[in-house]
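One line per chain: the protein sequences are A and B, in this order. Residue 246 in the numbering used here sits at position 246 of the first sequence, and the numbers go up by one each step. Residue 185 in the numbering used here sits at position 185 of the second sequence, and the numbers go up by one each step.
Worth flagging that the hints you see were computed from the coordinates, not collected in a lab. Everything numeric in this text was worked out from a predicted model, so none of it was measured. Warning: the hint list may mix true and false statements.
Listed below are the simulated DSSO-like cross-link pairs for lysine-lysine, each with C-alpha atoms no more than 27 Å apart in a straight line [to be verified]:
#1 B:K228 to A:K312
#2 B:K93 to A:K196
#3 B:K243 to A:K16
#4 B:K59 to B:K199
The following residues of chain A were derived to be distant from chain B, with all beta-carbon distances above 10 Å [claimed, not checked]:
#5 G12
#6 F174
#7 R210
To be clear about the criterion: a stretch of chain A counts as covered by chain B if any three or more of its residues have a C-beta under 8 Å from a C-beta of chain B, and this derived list gives those stretches [stated by the list, open to error]:
#8 87-99
#9 125-137
#10 196-209
#11 309-315
Backbone N, C-alpha and C define an ideal beta-carbon position, used for all residues, glycine too.
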Amino acid sequence: MAVLVFTENWDGKFKKISFELVSYAHELAVQMGTHAVVVSIGNVAEEELKKLCHYGASKIIKVEDSRINGLVNKAFAAIIAQVAEKEDADVVVFSHNFTGKALAPRVAVKLKAGLASGVNALPDSIQPFVVKKSVYTGKAIGHITIKSPKKILTLFPNSVETVTADEQATIGSFTPELTDAHFATKVVDVKKVTDKILLTDAEVVVSGGRGMKAADKWAPLEELAGLLGAATACSRPVSDEGWRSHHEHVGQTGKIIGPNVYIALGISGAIQHLGGVSASKHIIAINTDKDAPIFEAAEYGMIADVHQMLPKLVEAVKEAKH
Amino acid sequence: MKILICLSNVPDTTTKIKFTGDMKQFDAAGVQWIINPWDELALTRALEIKETSGPTIEKVTVLTVGKAETEPTLRKALAIGADDAVRIDADCKDSYQVAAQIADYVKSNPSDIILCGIESSDYNGSTVGGMLAEFLDCASVSSVSGLQLDNGQVRLNREIDGGQEVVETGLPCVAIVQKGIAKEPRIPSMRGIMMARTKPLTVKPAVSIEELSEFTTFELPAPHAKCKMIDAENVSELVEIMKNKLKMF
Chain A
1 MAVLVFTENW DGKFKKISFE LVSYAHELAV QMGTHAVVVS IGNVAEEELK KLCHYGASKI
61 IKVEDSRING LVNKAFAAII AQVAEKEDAD VVVFSHNFTG KALAPRVAVK LKAGLASGVN
121 ALPDSIQPFV VKKSVYTGKA IGHITIKSPK KILTLFPNSV ETVTADEQAT IGSFTPELTD
181 AHFATKVVDV KKVTDKILLT DAEVVVSGGR GMKAADKWAP LEELAGLLGA ATACSRPVSD
241 EGWRSHHEHV GQTGKIIGPN VYIALGISGA IQHLGGVSAS KHIIAINTDK DAPIFEAAEY
301 GMIADVHQML PKLVEAVKEA KH
Chain B
1 MKILICLSNV PDTTTKIKFT GDMKQFDAAG VQWIINPWDE LALTRALEIK ETSGPTIEKV
61 TVLTVGKAET EPTLRKALAI GADDAVRIDA DCKDSYQVAA QIADYVKSNP SDIILCGIES
121 SDYNGSTVGG MLAEFLDCAS VSSVSGLQLD NGQVRLNREI DGGQEVVETG LPCVAIVQKG
181 IAKEPRIPSM RGIMMARTKP LTVKPAVSIE ELSEFTTFEL PAPHAKCKMI DAENVSELVE
241 IMKNKLKMF
């Protein structure tokens, strides 16, 4: 018995999302009367792996294979399924990010495990196994019952707090059985944006909408984001106009995020936009239109033109930080 | 070469979501159904590729798993330009059942490129494409925002957390696509709508596969507290909230 958790790494380093995952797996393991086992694929230093113990990992399994270069779904899914079988895992937990979404369904078929994706809390009950997730893009909550003996969950980023649970973990390695057929997919080019905070991992997101008016007017928004250690985002019309890259589009058809604080600047808050940000814990909105639907979703609001307000806000934040 | 696009039939994105009195089922009364937005973009990209690569692409097929009420969505896809449509006559409880139905069809009707949207806007699962690839034991590339066909070789742009990759893969493959794969979804033309009436729509019986999970109950989120409005002259009040209430710095 075990709860197995897959933690990806970014050039050998873990991020906040990795610690949330291990914390979640640890708490789930306690609820189920078992322990949390981590599987890490790729080259990660022992020092970095040991960080996971602070969040409750009681065993860490490191998998390396010289053919691994970037994410190869077929190979990664085979590795995780093999580790799950060896550890006799009842539940396997992934992040509900690009990587987890790519791998969890494949592992689910390998293990014939029922999959609940994008869960945002510990299970309502273990027997039967019921867990909740947001459905209809934030407009409702669904409770899924998983009936199969093996279960897979993908955890929505930023939905649980990290816990401190010092475990004395053992670090071991595992040699998977892989053939060249597992590596039919090849990464031929990578463009990384390393200096930016990941939108899906960010505690604070500063986002601009049509009220930003033009592509060359984003400097104050970026300055505010910089001061707050926030990621930047935008609404759909902004990415459609090409003012900002579509990587920044949050909303129903873009990225779905759940930061601690979402700051909406010049965003009216169409229902599709709200779907992508409704998991935010707090929303601050600044908009010229007092009837804009964003104010129905926001906790704090201000009726103002963002271009007049932003420089004042930037100055006031600078002063308050002193 | 054949392209298959898996379509999901979902409530229009502006639908007010309601459930039956016992909160166990989605209340479909008065709901307008559409092609899942990402699947619609996948179809658009498949048609663009077909038009630019000449006879290389033999056929673009759309498929859905659902009962007869999903057929208007398939007809719309035919009107947009798909060559033929398949409906697998099943009422599925989870994505495992859906993927297994599609896999069973693909095993006897092979496709070279299978496109799935990254999620459906109803259950937001992001699961069917990956499961399908595993059932077929073929490659899958997820979060694809670009797809090019070059002398029979598929090149894909894949979004990753903090960047983008170019990926090459052998065929067959399942590409799980997201925003960026096509600029705007195509709208059916009058001629397309006329032609769709005579294009083949085949109904296949479901295979028997047990579900592994099921939505048992739903709830609606608690209503929001009223927004606290701060006077635009009073920036310091906002900063005070950011600092002391929300602990942002």
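**Prompt:** Any hints this thing doesn't respect? Which numbers, in order?
**Reply:** 2
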